[in-house]
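The primary structure of each chain is shown beneath.
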Amino acid sequence: MNTQQATQAIEEVLGQVAPDADLSALAPDADLRDSLELDSLDFLSFIEGLSKRVGQRIDEDEYQKLATLASASAFIAGRG
Amino acid sequence: MPALGADMDEGTLLEWLVKPGDEVHKGEVIAVVDTDKAAIEVESFAPGTIERLIVNPGETIPVGTLLATIAEPMAGQVAGKKQRAAGKKAAAAGKPMTPRKARRERTAEPAEPAHLEAGSPLVRHLAEELGVDLERVHGTGHGGAITRADVTLAAATPAPQPGKPTPPRTAAAALARQRVTPIARRLAAELGVDLSGVTGSGPDGAVREADVRRAAEIPAVPRQAPRPAGAVSPAQARLLATRQVTARLMARSKREIPHYYLSDTIDLTRAMAWMHDRNRELAVTERIVPAALLLKAAAVAALRVPALNGFWLDDQFSPGGRVHLGVAISLRGGGLVTPAVHDAADLPPLELMNRLRDLVTRARAGRLRGSELTDATITVTNLGDQGVELVYGVIYPPQVALVGFGKVVERPVAVDGMVGVRPVVVATLAADHRATDGFTGARFLTTMSDLLQRPEEM
Amino acid sequence: MSVSGARAKSARARPARAEPARTEPARVEPAAGASEQIQTTYREAMRAAIRDAMQRDDRVFLMGEDVGRYGGCFAVSMGLLAEFGPERIRDTPLSESAFVGAGIGAAMAGMRPIVEIMTVNFSLLALDQILNNAATLLHMSGGQVGVPLVIRMTTGAGRQVAAQHSHSLEGWYTHIPGLRVLAPATLEDARGMLWTALEDPDPVLIFEHGSLYNAKGMLAADAGAVDIDSAAIRRPGGDVTLIAYGGTLGKALAAAEALEQDGIDAEVIDLRTLRPLDDATIIGSVARTHRAVIVDEGWRSGSLAAEISARIMEQAFFDLDAPVQRVCSAEVPIPYARHLEAAALPQVDGVVAAVRTVVG
Amino acid sequence: MTPPVRPATNLDAAHRLDLLRQMLFIRRFEEKCVELYSGGEIRGFVHLYIGEEAVAVGVNSALTPDDNIVSTYREHGHALVRGVPLDSVMAEMYGKVTGCSHGRGGSMHLFDTSRRFYGGNAIVGGGLPLAVGIALADKMRGQSRVTACFFGDGAVAEGEFHECMNLAALWELPVLFCCENNRYAMGTAIERAQAQTDLAVRAGSYGMPAWPVDGMDVLAVERSAGLAAETVRSGGGPHFLELRTYRFRAHSMYDPELYRNKDEVELWKERDPITALAEQMRAAGELSDGDLASIEDELARAITESVSSARSAPAEDVRDLAKFVYTPRQS
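Residue numbers (this note's numbering), protein chains in the order written: chain A, 105 to 184; chain B, -17 to 440; chain C, 341 to 700; chain D, 34 to 364.
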């Protein structure tokens, strides 16, 4: 899975968690939780959706790698 | 014209069988009349001489109209007939019937609207009935279709008529169009609750008995003249209503409740370690977030310090008994609801986590049950996710306490003379000084802190 | 006991030979303290009611298909032929219009017949006599012709006897002014309604649900006449009013038990009289519980349940917290196959679900 | 099989004059009804008995006041000769509260239980089961009464006719079935409705005596009805009389009468039961013009008075609409 596919997957899952969020305006290095107003439960469902989407287990200690769109895409592409 | 049948209103004279001057005796057939069924012979009920034939053949006339006149019998008639009341002008027909009903003018058909508006016939009919211009209504249905609820809501918020003052009836009409069950409407009247401020938990947002009872605890604030609101989408309208309820609640709380505030910084090292270890084994769908642990601690502490778990009613404290933990949940786009997790103290953290997850999802979908909204015995607000370190809340009347949690942060902490970096959270308590004193509040916070040092026992 | 206009006047105009004076039984009140109970069935209670009435009043006689030698299609009149003889336990040819009409005629002439129509399904052949004569003569004759007649018939489905034998048409008869319509669901009512109905100067129809005959239970040894004017609250409750009668009472009570586990406290009303309806009891209950579910084995459209729902809307609208729910038979001819029949008929889980929609 | 004949005596002359008077009474009443109906004063359905008078008069004179009568909607004649007061019948035609059925029944539902006249029944064949039931009650209580049940040839095609004839014969009930066969069931001639048009033969199959009778001859009707009634009253079981008669006017008030032709009507009019008896009595010197004139005057005056009293009689108070739906309760 290359970075471009990873980004697309991430945006898809974010769309489910925050349906009314405007993903196009999301800067690649902006903190996902702040800009999309995700509380801990939203973030947990994002992790849940993402791990299902890519078919990989994501542990708590890897959460920081998913802080921004850019870091998350890199992480997912790397693990793919 | 004789009545020749039960269902006959009029008849057509086909022909006369006699002419003026003819002698006729009783029962003699003198004319033929056409009815719906058939041509029927008409007999004379009196003997005498035909005087004048009034109606001409071919004319259709109502039953009872005079057909002809017969002069009474001459002197030489058969003796038996003489006793017949002399001089009675025996007409062929009986007393005249009432004139035909004036032809009912067809009332003008209402002109069919020129163009077909969006929305199903039912919606268009409802809009027409409630005087709502469908153009201005924002559809929340599938594919943006306008639903009946949208129309009802649009009707409830009067659109600003340029220049023309909205007729006084609009407020009442707006009220009438809101869906309220009869008992709820009656109860609202009895308890003096202003229905327009009440959000319904029933089908299609219908206000039900329980909703009014809950609203009744909030004193009705006299409504100022309704501000002309711009075109409001149903979602906004619902948030507006929620905002009004919260506003009134907070105003009353600050007005009536003498709050005192305490705070304590709680070391979460053990709690977070325990959580991470558990999460490592758990599937994503069952993982716990720190908030779940904090809620659990608050619930158990409320059980151990019952003076903070209950209500201040009629100038005295009535204990809540079981702990129904109110959880402040922010709705997307603003607004706050505080549904309760029932018996939170008895739930293990994992189960409490599931309940929390369920509550949040349903709160945001507007599908909370009436009972969940009304019976919290103590409430917690957690703004950690929003990055705030410390929050002093406002108590939800008639409760007597509100627990606040800030963000879980890493802080340098001195432990046994050594400085280390540890995860901590600032827990606060806002409490009603009528019900408890600082001493009890402090005991509550220290109890929570002790509980969080032994997470595995919660 | 009122004597209809016809008898009183004709007695005056009669020549010398007077009518044998009727033995007028005093109303039998159950003796105080006689609380001894006996184990019996609904069928036996109804049989005891017939026997008791025939012993107390020689104007009473039973007429219907196979009520004598065969002992009754549902064995209600078993043994009565031997006890009262063929004059008063009369088997009839299969001529519903004739023998129901004859029952009406005999009542007009001063007897107190009990006509048994085997089931409500066959009563359609006698509907003209019941409607155009029994229910109408008093009014049409300006009060001269009374019809003190009791007609009993079995009703309802549930025994896989398929569409033509499974109708539940009591609702039709409750439409007709001039008739009284009863639905005994308990042993006390099976034992006690008949005498009161026979004493009534106007025609009374008693519907016995087929599933009840074998119902066993305890009954006071000296159980006697009961009132036929009021409904009964069989289970008090506060959250919802369940309205049922005859064959559906059992299901309503079972639903109430099931709902109790969920903390829903259901009140169960047994209508007992379907015409006239006991509005006071129904509306009183709904005014307390604010919710109502009606259980009626008839088809929904134009059913008795529809009438009751309309009356609740008219008289208790401002007490309602949810629309009245009706649990009726599916609008299909009752099928033969067991599982289909069960699916067609109102069932306990249907009642529980209906309550959920009004209480939830 | 036709009934035996009885010799006449002068006592019978007075009796014959009375039979004539009763037939004229019915005829003049029915003629007045035509006039009032055409004038719109009486409404609804009115079925006239003109032509069939001999049946009502003949059968009724064979009954006692203690016997029962169940009739049909063509019942004015039955009621009047049974003794239901003229004023109360006329008031009933006007729907007044002084009518014999309180103004609620009208022409088709005249009741007078004090004279055991259990009303007209507008459902064809609807009265037969009632007659059987009344007879059953009498038999069960040892009352030696006859229940005369009138119905037309149309009723013979109803299932109820079969059921009642069988039940009455089976239980040997004291019913006198009087079938007024006027050859038409409204607009259907008997040949087009019955496979077996000889109704006496038809009725015989139920195991009861069944005699055809000339329904236009009042003396023949009286004789056969008398014999039948005696046997029925003494427990000989039900009897059936097929009274062959004819109605000179339409089924009800006016109808196109397309179902029969004029000359058939004229043919039967030649056997008008009233003129037939009158001529027979004149030939025997039993009837003078004076007798006839005084009868006509007496009838004319009575009928005219009954109309004026009916016109001025009060209507029932609308508030009593629901009265008699149920019998008022004692408690």
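Since the hints were derived computationally from the structure, they do not count as laboratory data. Backbone N, C-alpha and C fix where the C-beta goes; we use that ideal spot for every residue, glycine too. Hints are supplied without guarantee of correctness; some may be wrong.
What the hints assert, rightly or not - Derived DEER-like restraints, expressed as beta-carbon distance ranges:
hint: 1; chain 1: A; residue 1: Gln160; chain 2: B; residue 2: Arg195; range: 33 to 41 Å
hint: 2; chain 1: C; residue 1: Ala502; chain 2: D; residue 2: Gly259; range: 21 to 29 Å
hint: 3; chain 1: D; residue 1: Gly259; chain 2: B; residue 2: Glu41; range: 52 to 60 Å
Claimed, not checked - Derived DSS-like pairs: lysine-lysine, alpha-carbon spacing no greater than 25 Å straight-line:
hint: 4; chain 1: D; residue 1: Lys356; chain 2: D; residue 2: Lys65
hint: 5; chain 1: D; residue 1: Lys295; chain 2: B; residue 2: Lys8
hint: 6; chain 1: D; residue 1: Lys65; chain 2: B; residue 2: Lys19
hint: 7; chain 1: A; residue 1: Lys156; chain 2: A; residue 2: Lys169
hint: 8; chain 1: D; residue 1: Lys65; chain 2: B; residue 2: Lys8
hint: 9; chain 1: B; residue 1: Lys19; chain 2: D; residue 2: Lys356
hint: 10; chain 1: B; residue 1: Lys8; chain 2: A; residue 2: Lys169
Practice prompt. Compare the distance between the alpha carbons of Lys65 (chain D) and Lys8 (chain B) with 25 Å, and conclude whether the hinted pair is satisfied.
Written response: holds (11 Å)
Worksheet item: Taking the beta carbons of Ala502 (chain C) and Gly259 (chain D), is their distance inside 21 to 29 Å?
Response: violated (54 Å)
Worksheet item: Is Lys65 (chain D) close enough to Lys19 (chain B), meaning Cα to Cα at most 25 Å?
Response: holds (24 Å)
Practice prompt. Quickly compare the C-alpha distance for Lys8 (chain B) and Lys169 (chain A) to 25 Å and report which way the hint goes.
Written response: Distance of about 119 Å is beyond 25 Å: violated.
Fill in: Pairwise hint evaluation, Lys65 (chain D) against Lys356 (chain D), where the allowed Cα distance is 25 Å at most
violated (31 Å)
Worksheet item: Are the Cα atoms of Lys19 (chain B) and Lys356 (chain D) separated by 25 Å or less?
Response: violated (38 Å)
Fill in: Holds or violated: Lys156 (chain A) to Lys169 (chain A), with C-alpha atoms at most 25 Å apart
Within the cut-off at roughly 17 Å; holds.
Worksheet item: Given a hinted range of 33 to 41 Å, is it respected by the beta-carbon distance of Gln160 (chain A) and Arg195 (chain B)?
Response: violated (50 Å)
Worksheet item: Per the hint of 52 to 60 Å, is the separation of the Cβ atoms of Gly259 (chain D) and Glu41 (chain B) within bounds?
Response: holds (56 Å)
Fill in: Agreement of Lys295 (chain D) and Lys8 (chain B) with the hint, judged by alpha carbon distance not exceeding 25 Å
Since the Cα atoms of Lys295 (chain D) and Lys8 (chain B) sit roughly 20 Å apart, the hinted pair holds (cutoff 25 Å).
Checked against the numbered hints given earlier, the structure breaks hints 1, 2, 4, 9 and 10 and satisfies all the rest.
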